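**Q** Start from chain A and add chains B, C, D, E and F according to the hints.
Protein chains in written order, with the numbering used here: chain A, 4 to 182; chain B, 4 to 182; chain C, 4 to 182; chain D, 4 to 182; chain E, 4 to 182; chain F, 4 to 182.
Keep in mind that the hints were calculated from the coordinates and are not lab data.
One thing to keep in mind: the hints can contain errors.
Which copy? The list can't say, so a pair holds if one copy fits it or any two copies do.
Using 25 Å as the maximum straight-line C-alpha spacing, the simulated SDA-like pairs for lysine to any residue come out as follows [unchecked claim]:
| id | residue 1 | residue 2 |
| --- | --- | --- |
| 1 | K106 | K180 |
| 2 | K148 | E83 |
| 3 | K180 | E141 |
| 4 | K180 | L24 |
| 5 | K52 | R114 |
| 6 | K52 | E10 |
| 7 | K90 | R125 |
| 8 | K52 | M4 |
| 9 | K148 | D6 |
| 10 | K148 | Q85 |
Only a predicted model underlies this, so the values are computations on that prediction, with no experimental measurement involved.
There are 6 protein chains.
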Amino acid sequence: MLDTFIEAGKLKKLPRMGWLLRGVPHPESVAEHCFRVALITLFLADELKKGGVSINTERALKIALLHDLAEAKITDLPLEAQNYVDKKKAERKAMIDILGAEKVEYFELFREYEEEKSLEGRLVKFADKLEMILQAWEYEKAGIKGLDEFWNALEYLEQNEFHKYFGELIEELKELKGY
Amino acid sequence: MLDTFIEAGKLKKLPRMGWLLRGVPHPESVAEHCFRVALITLFLADELKKGGVSINTERALKIALLHDLAEAKITDLPLEAQNYVDKKKAERKAMIDILGAEKVEYFELFREYEEEKSLEGRLVKFADKLEMILQAWEYEKAGIKGLDEFWNALEYLEQNEFHKYFGELIEELKELKGY
Amino acid sequence: MLDTFIEAGKLKKLPRMGWLLRGVPHPESVAEHCFRVALITLFLADELKKGGVSINTERALKIALLHDLAEAKITDLPLEAQNYVDKKKAERKAMIDILGAEKVEYFELFREYEEEKSLEGRLVKFADKLEMILQAWEYEKAGIKGLDEFWNALEYLEQNEFHKYFGELIEELKELKGY
Amino acid sequence: MLDTFIEAGKLKKLPRMGWLLRGVPHPESVAEHCFRVALITLFLADELKKGGVSINTERALKIALLHDLAEAKITDLPLEAQNYVDKKKAERKAMIDILGAEKVEYFELFREYEEEKSLEGRLVKFADKLEMILQAWEYEKAGIKGLDEFWNALEYLEQNEFHKYFGELIEELKELKGY
Amino acid sequence: MLDTFIEAGKLKKLPRMGWLLRGVPHPESVAEHCFRVALITLFLADELKKGGVSINTERALKIALLHDLAEAKITDLPLEAQNYVDKKKAERKAMIDILGAEKVEYFELFREYEEEKSLEGRLVKFADKLEMILQAWEYEKAGIKGLDEFWNALEYLEQNEFHKYFGELIEELKELKGY
Amino acid sequence: MLDTFIEAGKLKKLPRMGWLLRGVPHPESVAEHCFRVALITLFLADELKKGGVSINTERALKIALLHDLAEAKITDLPLEAQNYVDKKKAERKAMIDILGAEKVEYFELFREYEEEKSLEGRLVKFADKLEMILQAWEYEKAGIKGLDEFWNALEYLEQNEFHKYFGELIEELKELKGY
Numbered sequence: 004m005l006d007t008f009i010e011a012g013k014l015k016k017l018p019r020m021g022w023l024l025r026g027v028p029h030p031e032s033v034a035e036h037c038f039r040v041a042l043i044t045l046f047l048a049d050e051l052k053k054g055g056v057s058i059n060t061e062r063a064l065k066i067a068l069l070h071d072l073a074e075a076k077i078t079d080l081p082l083e084a085q086n087y088v089d090k091k092k093a094e095r096k097a098m099i100d101i102l103g104a105e106k107v108e109y110f111e112l113f114r115e116y117e118e119e120k121s122l123e124g125r126l127v128k129f130a131d132k133l134e135m136i137l138q139a140w141e142y143e144k145a146g147i148k149g150l151d152e153f154w155n156a157l158e159y160l161e162q163n164e165f166h167k168y169f170g171e172l173i174e175e176l177k178e179l180k181g182y
Numbered sequence: 004m005l006d007t008f009i010e011a012g013k014l015k016k017l018p019r020m021g022w023l024l025r026g027v028p029h030p031e032s033v034a035e036h037c038f039r040v041a042l043i044t045l046f047l048a049d050e051l052k053k054g055g056v057s058i059n060t061e062r063a064l065k066i067a068l069l070h071d072l073a074e075a076k077i078t079d080l081p082l083e084a085q086n087y088v089d090k091k092k093a094e095r096k097a098m099i100d101i102l103g104a105e106k107v108e109y110f111e112l113f114r115e116y117e118e119e120k121s122l123e124g125r126l127v128k129f130a131d132k133l134e135m136i137l138q139a140w141e142y143e144k145a146g147i148k149g150l151d152e153f154w155n156a157l158e159y160l161e162q163n164e165f166h167k168y169f170g171e172l173i174e175e176l177k178e179l180k181g182y
Numbered sequence: 004m005l006d007t008f009i010e011a012g013k014l015k016k017l018p019r020m021g022w023l024l025r026g027v028p029h030p031e032s033v034a035e036h037c038f039r040v041a042l043i044t045l046f047l048a049d050e051l052k053k054g055g056v057s058i059n060t061e062r063a064l065k066i067a068l069l070h071d072l073a074e075a076k077i078t079d080l081p082l083e084a085q086n087y088v089d090k091k092k093a094e095r096k097a098m099i100d101i102l103g104a105e106k107v108e109y110f111e112l113f114r115e116y117e118e119e120k121s122l123e124g125r126l127v128k129f130a131d132k133l134e135m136i137l138q139a140w141e142y143e144k145a146g147i148k149g150l151d152e153f154w155n156a157l158e159y160l161e162q163n164e165f166h167k168y169f170g171e172l173i174e175e176l177k178e179l180k181g182y
Numbered sequence: 004m005l006d007t008f009i010e011a012g013k014l015k016k017l018p019r020m021g022w023l024l025r026g027v028p029h030p031e032s033v034a035e036h037c038f039r040v041a042l043i044t045l046f047l048a049d050e051l052k053k054g055g056v057s058i059n060t061e062r063a064l065k066i067a068l069l070h071d072l073a074e075a076k077i078t079d080l081p082l083e084a085q086n087y088v089d090k091k092k093a094e095r096k097a098m099i100d101i102l103g104a105e106k107v108e109y110f111e112l113f114r115e116y117e118e119e120k121s122l123e124g125r126l127v128k129f130a131d132k133l134e135m136i137l138q139a140w141e142y143e144k145a146g147i148k149g150l151d152e153f154w155n156a157l158e159y160l161e162q163n164e165f166h167k168y169f170g171e172l173i174e175e176l177k178e179l180k181g182y
Numbered sequence: 004m005l006d007t008f009i010e011a012g013k014l015k016k017l018p019r020m021g022w023l024l025r026g027v028p029h030p031e032s033v034a035e036h037c038f039r040v041a042l043i044t045l046f047l048a049d050e051l052k053k054g055g056v057s058i059n060t061e062r063a064l065k066i067a068l069l070h071d072l073a074e075a076k077i078t079d080l081p082l083e084a085q086n087y088v089d090k091k092k093a094e095r096k097a098m099i100d101i102l103g104a105e106k107v108e109y110f111e112l113f114r115e116y117e118e119e120k121s122l123e124g125r126l127v128k129f130a131d132k133l134e135m136i137l138q139a140w141e142y143e144k145a146g147i148k149g150l151d152e153f154w155n156a157l158e159y160l161e162q163n164e165f166h167k168y169f170g171e172l173i174e175e176l177k178e179l180k181g182y
Numbered sequence: 004m005l006d007t008f009i010e011a012g013k014l015k016k017l018p019r020m021g022w023l024l025r026g027v028p029h030p031e032s033v034a035e036h037c038f039r040v041a042l043i044t045l046f047l048a049d050e051l052k053k054g055g056v057s058i059n060t061e062r063a064l065k066i067a068l069l070h071d072l073a074e075a076k077i078t079d080l081p082l083e084a085q086n087y088v089d090k091k092k093a094e095r096k097a098m099i100d101i102l103g104a105e106k107v108e109y110f111e112l113f114r115e116y117e118e119e120k121s122l123e124g125r126l127v128k129f130a131d132k133l134e135m136i137l138q139a140w141e142y143e144k145a146g147i148k149g150l151d152e153f154w155n156a157l158e159y160l161e162q163n164e165f166h167k168y169f170g171e172l173i174e175e176l177k178e179l180k181g182y
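Chain A on its own, in the form it takes in the complex:
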């Protein structure tokens, strides 16, 4: 287990490449992003539950915490790099090595996110995109420019199955930007 904790520590050092390549000075780390994705997942899952949706919050939180763990091995490859390497294949192999053979359960949780196989996995994907847009706005608020393309993810959120539950939240997000 200690080895996995040490691997997870690398996420504190690895910068989120999207921001770095666009000139954000001292951008957030993968660990920072994952923290807020997990916190957002917590709130969204509980909200869904309150609304009568049958969701396994524990599973969702686990997926949120594991969803970028593979980057400890392969780093946060920017979109551009994904044209040249098979990121999905790399992530899968890396997850197996990080978790070890016996943690089949965790690898399955990771798969739920990767392939958007379960409601929980898809909720974390939703939280992941929402977190990214929020971060883009926070950088823009402080004066960073050139992050418009991150807001394209709003479309993903609006067309998402969770839009009917979190439409108000998405509207608030759009208002931040001035849409």
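**A** Only chains B, C, D, E and F this time, still in chain A's reference frame:
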């Protein structure tokens, strides 16, 4: 909810003051620390469950994600500063403001951590200290000096109720240091 | 004395939280702020003296150098945090511990600033706010956004007893912003 | 051409991952590494020429400047990541996209480095490893620890075809470390 | 030679002062600037050659790599500082000390740049200014303000002997800015 | 006056080159150094006064605040660079430009430091060296290596006229290092 997500974003900017005051260059943020505390909690809780302990993993994960949220308002006050301000009182007030009146459940979770009231709260406290020691070692491995006092927390871990389940893990941690 | 010098060294590491929380990358430290407050105090005090005002420049300079020293213990608590902790009380206790029992004179100088008790203390408060506005402008000049609320302090300067001596300076400051 | 210059600018932002993952604070960028590799290549090539070796310095310098250009697309993948992605294949594709179809000559130069096909390509590889060891020493000199494995590359240098020309240089390098 | 490589390593640490003084957070280093100047020189020299111009690419590349080496001793003095120190004289002395008495050839190459004595030296000067404008644009693209005066160098480029070969490139550069 | 305050702001951005060139990550700024020099001067001057020495504390504090102001124009030239530029001459010219023709008094204060002409000027020089040694120790305490040569200044302190008043302080400083 968006407001809470924005508050949580501050944890990405707030440095962990213990490291900063000891001259660690560009120390980890509160969010980075929380991420790994939550991940450690995930693994430890599941391990306990496997060992037959009756633990609510979902509660533990939620506590882990909320346990430092108050710092978005009050910052990560170093130990020294805690001689001059009532940190516990400040955290409680801040949590109420961040969560809002209706999120009584989350405030209760925070209380479970603060007062070590439940098994889940105490597990997160255990994970919190373990994470700190691991981080100290990682800094030392890279050449930072002067972090000996953080290893005093080993005593806390060894005398802890969870020692009987994670004795091997703690031993591995000690071996890293050379004890 | 060496202990006090070592305490003062912490001000080099402590970031000014107002800027940090608004996303200023690598914001100034408390020590950097104090330096310019002291330099501004020097110029303003001599200007007052030239204008026939009876001011003790030595006292004013000492106050400027000591006015944030307590932050070595309690850090630069952001405005938000001051809703949750008793900053004034904390600063007072911290100053006593930093200076030691015998340096009553220095504690008194700090009190002159805190309570705006003397002309010298009030001049340093004036310099402190002026320095903050100037720094806000410098960040804005480099592209940082979202610092408008710092300019509210202009009102403090304009309604200040020193306005009649430094009206031109304040006007120049306003012109920088485009007022 | 401007597009290629803009691509090259990314190398200023991309950190050298080997150092970053070992906790070097604010590690060098790929551009910084490439600069010194090119400068070293300049000196070594001229030295070879003086010794009667038939080397094309212009080719060697071009290879040195182009050898990491692909990282503008795929980033500086750490050794660990190379277990999960086909770096060579990715670099080749990325180089073609960066240079464009018509710059066949530059792609060939890159190939000379990748496959160590020519004396010039092999000299740049030698310079690349030497530069890395020198950088490791510079970090160690400043107090960084845990960089021992970078010194394994000394073996590569000693068994290299260029050892007979630069044996003294390699000895000086070893003396820095204390071998 | 190792000493010269160590001197060159300082260029990785030395910030480009023009950006630093205008508040660019974590500005590029001299080494990063030199890298891209050399790469630009590579492309421009080959382009000239293709157009039938008699240019010695090897010389040009060497000049590009050596042109700021003196800054390892004297740092990148900002324009303002050059009103107070004799930069040209300092650079010349520093280059002699860095290169050593025997490397007369390299000192000559540096002179070709300094005094714009040869086509190669002037090409590197052209590349140096072009690189600076491109970097200014990249900072502006990310949100930095206050860099207008760097665009004055466009005039230098347009009135330059190389304008007839690279007019299109300069136009593209202007279009980036919106001219 | 505002112009001088803006000039002084540059000292917040300018790194202390001695540390930077020795690989200290994110070294202190000139402003941070000046702050503590001034604070140390405050304590030392008052101590001297208590001991019956006739010292003008106000003059000493002003000198401490002005002593590096010229660096706003010429930067903090490292020792090495001072072999190539006439630092004293540059500083003098720069000070005149920063202060303006009418502030003759401040220029005189600067001269007292530069030429160690007065007791106050020499006390600030003493504080300046003491501050540097203390900072070196603080970096070493955190793990930085290679700063031994800064401790040579201990000799300067021990042979200094102020040694007879601050012998104990200097001894405490030596004990930190282990002498």
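**Q** State for each hint whether it applies.
**A** Right, here's what the structure says about each hint:
For the identical chains of this complex, K106 and K180 are neighbours neither inside a copy (42 Å) nor across copies (27 Å), given an alpha-carbon limit of 25 Å. In this assembly of identical chains, K148 and E83 lie within 25 Å of each other by CA distance solely inside one copy; the values are 19 Å within and 27 Å between copies. Taking the shortest alpha-carbon separations for K180 and E141, both the intra-copy value of 10 Å and the inter-copy value of 23 Å come in at or below 25 Å. Within a single copy, K180 and L24 get their C-alpha atoms as close as 22 Å, and across copies as close as 19 Å, so both meet the 25 Å cut-off.
When the C-alpha separation of K52 and R114 is checked against a cutoff of 25 Å, the pair qualifies both within a copy, at 23 Å, and between copies, at 23 Å. Taking the shortest alpha-carbon separations for K52 and E10, only the inter-copy value of 23 Å comes in at or below 25 Å, while the best intra-copy value is 33 Å. Taking the closest pair of Cα atoms, K90 and R125 come within 25 Å of each other only inside a single copy of the chain (19 Å); across copies the shortest separation is 31 Å, beyond that limit. In this homomeric assembly, K52 and M4 come within 25 Å of each other (Cα to Cα) only across copies, at 15 Å, whereas the closest approach inside a single copy is 32 Å.
Within a single copy, K148 and D6 get their C-alpha atoms only as close as 39 Å, which misses the 25 Å cut-off; across copies the closest is 20 Å, which meets it. Within a single copy, K148 and Q85 get their C-alpha atoms as close as 24 Å, which meets the 25 Å cut-off; across copies the closest is 32 Å, which misses it.
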